[in-house]
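*Asks:* The listed protein sequences correspond, in order, to chains Y and X.
Quick note: the first sequence, position 132, residue 132 per the numbering used here, numbers continuous.
Quick note: the second sequence, position 105, residue 105 per the numbering used here, numbers continuous.
Certain hints may be false.
Identical chains blur together in the list; that is why a pair holds if it fits in one copy or across any two.
25 Å max Cα-Cα, derived SDA-like pairs, lysine to any residue [what the hints assert, rightly or not]:
| hint | residue 1 | residue 2 |
| --- | --- | --- |
| 1 | 112 | 123 |
| 2 | 183 | 84 |
| 3 | 8 | 123 |
| 4 | 215 | 141 |
If you are wondering where the hints come from, they were derived from the structure by calculation, not from laboratory data.
This one's a predicted model, so the numbers in the text were calculated from it and none came from an experiment.
2 protein chains.
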Amino acid sequence: MAMARRLKLIVAYDGSQFAGWQSQSHGNTIQDHLERGFGRITGTPARVHGAGRTDAGVHALAQCAHVDLSGKPLPPARWVEALNALLPPAIRVLRCGYVSNNFHARLSAKRKIYRYRIWSGPVLPPFEYRRAWHIARPLDLKVMKAAAKHFVGTHDFAGFAANRGKAENSTIRTIYSVRIRQKAACITVDFYGDGFLYKMVRLIVGALVKCALGKMRTEDVVARLESGQLGPARFAAPAEGLFLIRVRY
Amino acid sequence: MAMARRLKLIVAYDGSQFAGWQSQSHGNTIQDHLERGFGRITGTPARVHGAGRTDAGVHALAQCAHVDLSGKPLPPARWVEALNALLPPAIRVLRCGYVSNNFHARLSAKRKIYRYRIWSGPVLPPFEYRRAWHIARPLDLKVMKAAAKHFVGTHDFAGFAANRGKAENSTIRTIYSVRIRQKAACITVDFYGDGFLYKMVRLIVGALVKCALGKMRTEDVVARLESGQLGPARFAAPAEGLFLIRVRY
Numbered sequence: 001m002a003m004a005r006r007l008k009l010i011v012a013y014d015g016s017q018f019a020g021w022q023s024q025s026h027g028n029t030i031q032d033h034l035e036r037g038f039g040r041i042t043g044t045p046a047r048v049h050g051a052g053r054t055d056a057g058v059h060a061l062a063q064c065a066h067v068d069l070s071g072k073p074l075p076p077a078r079w080v081e082a083l084n085a086l087l088p089p090a091i092r093v094l095r096c097g098y099v100s101n102n103f104h105a106r107l108s109a110k111r112k113i114y115r116y117r118i119w120s121g122p123v124l125p126p127f128e129y130r131r132a133w134h135i136a137r138p139l140d141l142k143v144m145k146a147a148a149k150h151f152v153g154t155h156d157f158a159g160f161a162a163n164r165g166k167a168e169n170s171t172i173r174t175i176y177s178v179r180i181r182q183k184a185a186c187i188t189v190d191f192y193g194d195g196f197l198y199k200m201v202r203l204i205v206g207a208l209v210k211c212a213l214g215k216m217r218t219e220d221v222v223a224r225l226e227s228g229q230l231g232p233a234r235f236a237a238p239a240e241g242l243f244l245i246r247v248r249y
Numbered sequence: 001m002a003m004a005r006r007l008k009l010i011v012a013y014d015g016s017q018f019a020g021w022q023s024q025s026h027g028n029t030i031q032d033h034l035e036r037g038f039g040r041i042t043g044t045p046a047r048v049h050g051a052g053r054t055d056a057g058v059h060a061l062a063q064c065a066h067v068d069l070s071g072k073p074l075p076p077a078r079w080v081e082a083l084n085a086l087l088p089p090a091i092r093v094l095r096c097g098y099v100s101n102n103f104h105a106r107l108s109a110k111r112k113i114y115r116y117r118i119w120s121g122p123v124l125p126p127f128e129y130r131r132a133w134h135i136a137r138p139l140d141l142k143v144m145k146a147a148a149k150h151f152v153g154t155h156d157f158a159g160f161a162a163n164r165g166k167a168e169n170s171t172i173r174t175i176y177s178v179r180i181r182q183k184a185a186c187i188t189v190d191f192y193g194d195g196f197l198y199k200m201v202r203l204i205v206g207a208l209v210k211c212a213l214g215k216m217r218t219e220d221v222v223a224r225l226e227s228g229q230l231g232p233a234r235f236a237a238p239a240e241g242l243f244l245i246r247v248r249y
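This is chain Y alone, in the form it adopts within the complex:
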């Protein structure tokens, strides 16, 4: 009998149609769709491990996952073809390859890049629907950029996490950079870090936008970050604007 071989997958998805990454009883998650795909191809149940559990509505340009496969090892390109033939078009396996059994999609991840997209204009174009947060009121980008700088570095991000302490051993994370750019009506906020707590990116973007709308003072955001405390009026930016861009190992 052949040894189990570990396959690494790069997966893109339009999250608007799914209940997030992590498996649920109703079966309409990215993980469920992938596991069903492997199950139908191999005839045996498979467990797919993702680099991160994206929430319902959150998208991915390149989520990473691994799966252990026994049985006859197919060439990677055949896996891509066979899985995409079974998956809904809103989930695509972009590429895959066999890796060492030491590789673990979540535990081996060293860097993650998330992008948050904001559409800043009176009308949200139809092609941006469910792919950006529509904010009709004008945003002060200078204020937003200044506030974002405070998040760079190693911090206890407990003040910007949901369900803190529940799933994570530590709430200390390092953000290497936050890059904010505007091109016409589209504002992108790119987060480059060693890992992110549950809802951390959306809670930070929520605070940045409150600052940019003049509804919150940067000092209060900084105070919350430094306190490591849960604040009273936290606000998470909606899932539809969030994209997992890349996982680095």
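With chain Y's structure known, arrange chain X on it following the hints.
*Replies:* For chain X alone, coordinates are given in the frame of chain Y:
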């Protein structure tokens, strides 16, 4: 009583959810949605005239339309707000303004720009689903560009129209330019012309792709164009890749 005033609308839509522009009994067309919106706001039936009737699945970045409104004239920005509040998010009124009663969205149109999008790669990303024609086999762009040049100019396009003679008085049209560009896997074909016959852009793209795949000779495409005759094996590119980009007056 106030005179009827003519309102010009610029409308964008993701065509994948609708049965095209033109009104149908089931009511799920762009025209139907707009007319219902006006009807609900004004309390009287309205007839919306579009610059062109896009097919089911065809998109628009800036379709143009007009409507005659009696009753109290709302400011244009209020129409945008009121209509978008009623329309599905896949149809958006981008802007509108009052125009002279001599203006007619279809009859006054002088130039139209259509874009056809092709995704040339092994896997169609989820965000391109229903927004591009996915062609996994490699395309010879040089051949495609050379074949496209033959369509520029004033021709009888009967050989590249469906239902010819039915809706049109003449099958003579002028194409000012066909511009083909590739950026990574995405190929765009932009058509700039004084007007287009029914399915003309999709039939031309179908022929260009057949040439680029080595399945048709450029000479045969040219012969069909020059003959003005319906060919036996015509092939229209799918609707999902087609975008009405702009109408000029």
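*Asks:* Taking the hints in turn, state whether each one holds.
*Replies:* Status of the hints after comparison with the structure:
no.	hint	result
1	112 - 123	between (31 Å within a copy, 23 Å between copies)
2	183 - 84	between (33 Å within a copy, 24 Å between copies)
3	8 - 123	between (40 Å within a copy, 17 Å between copies)
4	215 - 141	within (14 Å within a copy, 52 Å between copies)
Against the hints set out earlier in the document, no violation occurs for any number.
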